[in-house]
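Based on the hints, put chain D in the right spot on chain F.
From first to last, the protein sequence lines are chains F and D. Each position in the first sequence, counted from 1, maps to that position plus 20 in our numbering. Each position in the second sequence, counted from 1, maps to that position plus 20 in our numbering.
No lab work stands behind these hints, which were simulated from the structure alone. A virtual CB, placed ideally from N, CA and C, is assigned to each residue, including glycine. One or more of the hints may lead you astray.
[Unchecked claim] Derived SDA-like pairs: lysine to any residue, alpha-carbon spacing no greater than 20 Å straight-line:
#1 F:Lys-267 - F:Asn-278
#2 D:Lys-200 - D:Pro-258
#3 F:Lys-214 - D:Gly-116
#4 F:Lys-25 - D:Gly-116
#5 F:Lys-25 - D:Glu-63
#6 D:Lys-267 - D:Lys-200
#7 D:Lys-214 - D:Ser-184
#8 D:Lys-214 - F:Gly-116
[Stated by the list, open to error] If you want the footprint, here are the derived chain F segments under chain D, 3+ residues with CB under 8 Å:
#9 69 to 75
#10 161 to 172
#11 196 to 204
Protein chains: 2
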Amino acid sequence: MEKIKRTERIAALSRILMSRPNEVMSFSVFSERFSAAKSTLSEDMAIIDHALRENGLGQLQTIPGAAGGVRFRPLIVKNEAYNFLTWVSALLSEPGRILPGGYLYLSDILGNPAIVRGMSEIIASSWYDEKPDFILTMETKGIPVAMMTADFMNIPLVIARRQSRVYEGSAVNINYPSGKGSIETMSLSRRAVKDGQRALIVDDLIRGGGTARGLLSLMEEFSVEVVGLSFVLSQDTPPRKPIEKEKSLMFFSGDGENEPLQVRPAEWITLSS
Amino acid sequence: MEKIKRTERIAALSRILMSRPNEVMSFSVFSERFSAAKSTLSEDMAIIDHALRENGLGQLQTIPGAAGGVRFRPLIVKNEAYNFLTWVSALLSEPGRILPGGYLYLSDILGNPAIVRGMSEIIASSWYDEKPDFILTMETKGIPVAMMTADFMNIPLVIARRQSRVYEGSAVNINYPSGKGSIETMSLSRRAVKDGQRALIVDDLIRGGGTARGLLSLMEEFSVEVVGLSFVLSQDTPPRKPIEKEKSLMFFSGDGENEPLQVRPAEWITLSS
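So here's chain F without its partners, still in its complex pose (with noise of 0.2 Å):
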């Protein structure tokens, strides 16, 4: 094809390298599909990345070697991630999500898909380093924040269901104590996730941490490692016993009958950079 101003090249690489997050992308292809020496598209990379560092928007990553490129993550600055939370967190907080017998009612708030990605992009840039080969979800709730996570981290979703299902193949169940007192179920297909892979554990809700700690079992079963865990919402009290890589995003405390309910962002959030 033939070549374009600066101005419209660095429009069209700017779409790709952010439409496809942490994907390491190689400067041949774009050189070209833009008719581009290397040289001329290290100078426009150069370019996004201060202009998206400058302005809190992400940066670029050069990756040098045969298998080099480039990638575009999202980068969190800290009191930005801090203002959105706290704007969540009163949504949150809000005396009409209680419903009877103190739960609180997400689902609006884990359907917005401009809330999820801000959650998401928060939690995906707090693991990056981690480099987690999947993301593990149970259904349902769950679901959205953890998807655009894989999305923004460049890793599939893996998702647990509650019964193992015909169109999943052989599973492996489990079974593990629930909060309320009962047994529950879960199960993953034998085919999800292979030996030796690094789990990340994305979730909308921990209480007593009985799924929590279903999942790191589970993934014992599957000999998998989870470098970490993230909550949307954590419950504060009663106190519980805290679990080890756990990052979630925001705390609540009340039940909005017998105690005000409150919710506000996580302290990690405020010394992350």
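Just chain D now, kept in the frame of chain F:
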């Protein structure tokens, strides 16, 4: 903030616009953020729009008037969409995916972010003009593609459940006949949608159409108009009564036991522009 060069401004604008597809953003906000005149920004937008269209990467649309501004939308180039779905069809036709009973293992495809993103872009692009207010899906396997479609359209995702859940509040339940002759239930929280809204149904699979008709009845209960339906995969044999306003991505025939499994892109894909 300081003025920045056009090249950098274009990179930053591209990132902001493309991270929020279908959201109308006002020139005033950009004007303030980048200390740039609106006429300058109009030129920037024209450059970005031209670069995107020339490269089949999307488009910017300018909305005039007081509530106006500019929005990014993916633009599906028909032969690229066709090639992409031909490639996905080939992945789905692999003999190793056939499970006992003729079921297809789809979970890896439905959790692969690059594939889900590509399918969601095609679905979103084909329904923008119908202006749905939300995406409706039935748990579980369709949620990732439904969520990413919701993201591209900038509208909420609403998930119907197999049973009512305490954390969804009061719900409308309906019973519907499934393809297997049994009666199934679906449940949707009363708060999830409003009278008079427009729904786009997105799900992974349609065989006999029982679940789809269940979702249509559910929307009737809420006085919601269904403007369209898109399924990732639609079963061709045995033939079923077509559903009005259905645009599925791929069709399949055969069960891999008595007849070889064949998957192919839908015909409307090759006709869309």
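Here's how the hints hold up against the structure:
{"no.": "1", "hint": "F:Lys-267 - F:Asn-278", "result": "violated (28 Å)"}
{"no.": "2", "hint": "D:Lys-200 - D:Pro-258", "result": "holds (14 Å)"}
{"no.": "3", "hint": "F:Lys-214 - D:Gly-116", "result": "holds (16 Å)"}
{"no.": "4", "hint": "F:Lys-25 - D:Gly-116", "result": "violated (47 Å)"}
{"no.": "5", "hint": "F:Lys-25 - D:Glu-63", "result": "holds (14 Å)"}
{"no.": "6", "hint": "D:Lys-267 - D:Lys-200", "result": "violated (24 Å)"}
{"no.": "7", "hint": "D:Lys-214 - D:Ser-184", "result": "holds (18 Å)"}
{"no.": "8", "hint": "D:Lys-214 - F:Gly-116", "result": "holds (16 Å)"}
{"no.": "9", "hint": "69 to 75", "result": "holds (count 5)"}
{"no.": "10", "hint": "161 to 172", "result": "holds (count 7)"}
{"no.": "11", "hint": "196 to 204", "result": "violated (count 0)"}
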